[in-house]
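Chains as they are written, first to last, in my numbering: chain A, 1 to 314; chain B, 315 to 389; chain C, 390 to 916.
Calculated from the structure, these hints are not laboratory results.
Among the hints, erroneous ones may be present.
[Stated by the list, open to error] Distance ranges between label pairs, derived from CB positions:
| id | chain 1 | residue 1 | chain 2 | residue 2 | range |
| --- | --- | --- | --- | --- | --- |
| 1 | C | Gln-679 | A | Phe-10 | 23 to 33 Å |
| 2 | C | Ser-745 | A | Pro-123 | 42 to 52 Å |
| 3 | B | Pro-364 | C | Phe-500 | 21 to 31 Å |
[Claimed, not checked] Facing chain C, according to a computed beta carbon distance under 10 Å, are these residues of chain B, among others:
| id | residue |
| --- | --- |
| 4 | Met-315 |
| 5 | Leu-319 |
| 6 | Ser-345 |
| 7 | Thr-347 |
| 8 | Leu-351 |
| 9 | Ser-353 |
| 10 | Glu-354 |
| 11 | Asp-357 |
| 12 | Ile-363 |
Note that the Cβ used here is the ideal one computed from N, Cα and C, for glycine as well.
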Amino acid sequence: MKNALKSIVFIGILFVLLISISYLLLPREGVFRYGIIKTAEYEILGEKKDSIDVVFVGDSLIYSGISPMEIWNQFGYTSFDMANAAQLLEVSYKDIQVAIESQHPKFIFLESNVLYRESKNKPWNYDWVHFFETYVPIQKYHDNWKKYVLPWIDDTAKFSRINVYKGFRYITDHQKGTNLSYMDYSKKVKKIPEENKKWLQKIQALCQENHVTLLLISTPNMKNWNYKKHNGTKEVADEYGIEFLDLNIDNPVQIEWSIDSRDGGNHLNYKGAKKLSHYLGEYLKKTGILTDHRSDSHYESWNEAYQVYSNHLK
Amino acid sequence: MEKLLEILEELQPDVDFEKCENLVDGRYLDSLTILSLISEIEDAFDVQIPTVEIIPANFNSAKKIWELIERLQEE
Amino acid sequence: MSYFDILYFLVFVPIVVIVYNIFPKKIRPLILCIASLVFYLFYSKFLIVFLLLSILSIYLSGRWMSSLDKKKEMALEQAKKEEKKEIKEKVQKKKRWILLGTILFNVAFLFFFKYLGFFTRVTNQLLQVAHVDVCFKIIKCAAPIGISFYTLQAISYLVDVYHEKFVAEKKFFKVMLYLSFFPTIVEGPITRFQEVSSTIYEGVRVSYHNFCFGYQRILLGLFKKIVIADRLNIFVKSTFDNFSIYSGMTLACSAIFYTILLYMEFSGTMDVVIGTAEIFGIQLPENFRQPFFSKNISEFWSRWHITLGTWFKDYVFYPVSLSKPVKKITTFIKQKKGIRLSSLVMGAIALFAVWSLNGLWHGAGYHFLFFGYYHFTLILLGNIFEPTIAKICEKLKIDRKKKGYHAFQIVKTSILVFIGELFFRANTLHEGFGMMKKILTDFSWKDFGELFTIGLDIKDYFLLGISLLVILGISILREKKVSIREKIASKPIYLRWSIYYLLILAIIIFGAYGTGYVPVAPIYADF
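Only chain A is shown next, with the shape it has when bound in the complex (with noise of 0.2 Å):
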């Protein structure tokens, strides 16, 4: 009984501990804007305010395929992955209202993908991890020692990862893909839910009240993606006038199954990821309406971001 009721205090005083600690490790500019819970939740928030461009929100294939970091350096605009596992569409919802708040950006867009996912249908961990990713942010901060330790050496200490990263994951595993024939013509329709499409639609009203484009993108994916939910999004897209870019048709972005992807054709790793973030790039630059920062010395952040990214990808 007596080790019981020690064993407890010490795993209360640990969870206090790790607490505190936690938010010590956060991004301080978002701390004092938006309050500590919200910073921890919401990686954006450690960006300085209204300074990214584009917000790409969606779930893995967004983190996995995406790398901002990427497009700024061909391109010179700044980007953000919004995402989490198995992100559900409220949640999306949520994920934009904050984007806006805090960057207002030009464009973001949203992965069809998510689209089918029914909250009845969530995994059983998402709020588990949801809730520790939130009141425990420490394993996402947690780098940011380095801003306490050996304080007067400041070279590469005032990027967290998620400062240089900007929600991209980098991972470089790679399982062929074989299901080539996943995007063969189809004339039958999947239907969004229902419930999905009424959150589609606050989204879409809430970035025209804030003049931000929203677009749909259905990212390379040969596991969960067919012409049958090509034909239901476009329906949708139609229907409600948001412009829908379905990058599985004919590969425009010219990715090779065999190398690009993680797990045998559901998620891009590295190497894919680089042909889509380059595609992307393009694609903002035809709309002519972004300006390259690069040279920019408000932005000179990013390019010093930038450095430590490429060091960690050597």
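Add chains B and C to chain A, keeping to what the hints say.
Same frame as chain A, but now just chains B and C:
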């Protein structure tokens, strides 16, 4: 026993074999030295030491080695 | 589910502990057995069939051999003196066939999964050289996890039963638990039946004391792996995968870093493994004894991956050196040239066998074979020149018992180990030589700055330095046989807890995990 001590001393001069109790575990005898020891013993006492008997417990002290030899001679 | 997965030490182990404690003493080993099978299924899915086949084969032939022994004993009691030898020999012969058959059966799986690819490639290369236009298809398939480890354990069980060291276990699930025990199945330590059977089948209740001590050990393992090994991996991975763009200075550091990484990863895993077993009151043999305090290579191998070394010593080295053909050769030399040379030759032949197998055991590849022969050569040279070195030292009046000389020996041994590990990690033997060449020809202190451009900055090095000092401190205390955990346990509670909190928080804050980090894959699990 005298003869055994002589052999041991010749193989590893700087160990006190009459007192040492952890010849193998204390790494005074490494596996190559043990091999030489075995062939010397087999020669001198006319016994065959089977592989099963080569365990630290049998080689940790001169006394133990002597016991092993006596046991093998009886068989 | 690796041993460093949160799922393992925060979910799987606690669940096993709870279930284990609920059941009565007698059933607890069975619970461990089931837990081990569940663990294996997580890892290797249907490949568990091969593990089960191995278990079944050694169970049956073990029983068979022991029943033959029993019959033999009964026959001997009634037999006359002249018949005794004949009976013995007859049984021995039969047992030998059983032993050989079962070993072959088990080694065949090992060969199929680990070496078929390599040997087909070698055959193809040879055929190409001989201008034969045949090319065999290389079959690739994932091996059942831990096959290299449990196969060795299976062999040791069989050989020991064959030698009548113990009577084969009657209960099938006990043999199953011995071979598949979940902490040891992936990376060892390679246990012996006699060594673990005294504690593994006891079913001791998990006590608060054992639970805490076990988890302390696990924490230390996590620290070594997540704080040190995973951080070094950033550097090691990029330099080994792309060595041609780096300077000799960087590559030399890379060899050292890799050796540290390997030690931290492997001994850290062992800490988690031994700690887990400790929770259940099971004593596993240690696999490391401060290897970097070794004075020569032969000593190094008695301190590094100890259970593999003793396995080779008991089941390859002595049997080979005392086998009939080797003895014939050595008696011949003994008569001609004396006993020193003969035992040296005897040792050399046995060592050659050991290191060929040791190299191959680590993996099918020329660089692993090279790694084996490298150490073989070093150990042999060490033995041949030992008397010469002793003489030289005497002449130069160097006291070989002084601390300075020991320090010199330790540094020398470490450098030799670093070189060996460079080839061990190199992607191919060719690349290993390429790196070596660069270190020797393209080395300049001016390239010092390059060290800070490969994923590690000053603060990372600072952190690594402090962490390694902590580990060094622990190692020195261990070398001096100070029982650290007992000492901590005797301290007042605020001090004790502070130490634990420090360790836990250090792992969480300074660990190299999360975005952008690539953790070290379990290295020995692939062997």
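Verification of the supplied hints:
no., hint, verdict
1, C/Gln-679 - A/Phe-10: 23 to 33 Å, "31 Å, holds"
2, C/Ser-745 - A/Pro-123: 42 to 52 Å, "49 Å, holds"
3, B/Pro-364 - C/Phe-500: 21 to 31 Å, "29 Å, holds"
4, Met-315, "20 Å, violated"
5, Leu-319, "17 Å, violated"
6, Ser-345, "6 Å, holds"
7, Thr-347, "9 Å, holds"
8, Leu-351, "8 Å, holds"
9, Ser-353, "5 Å, holds"
10, Glu-354, "6 Å, holds"
11, Asp-357, "7 Å, holds"
12, Ile-363, "7 Å, holds"
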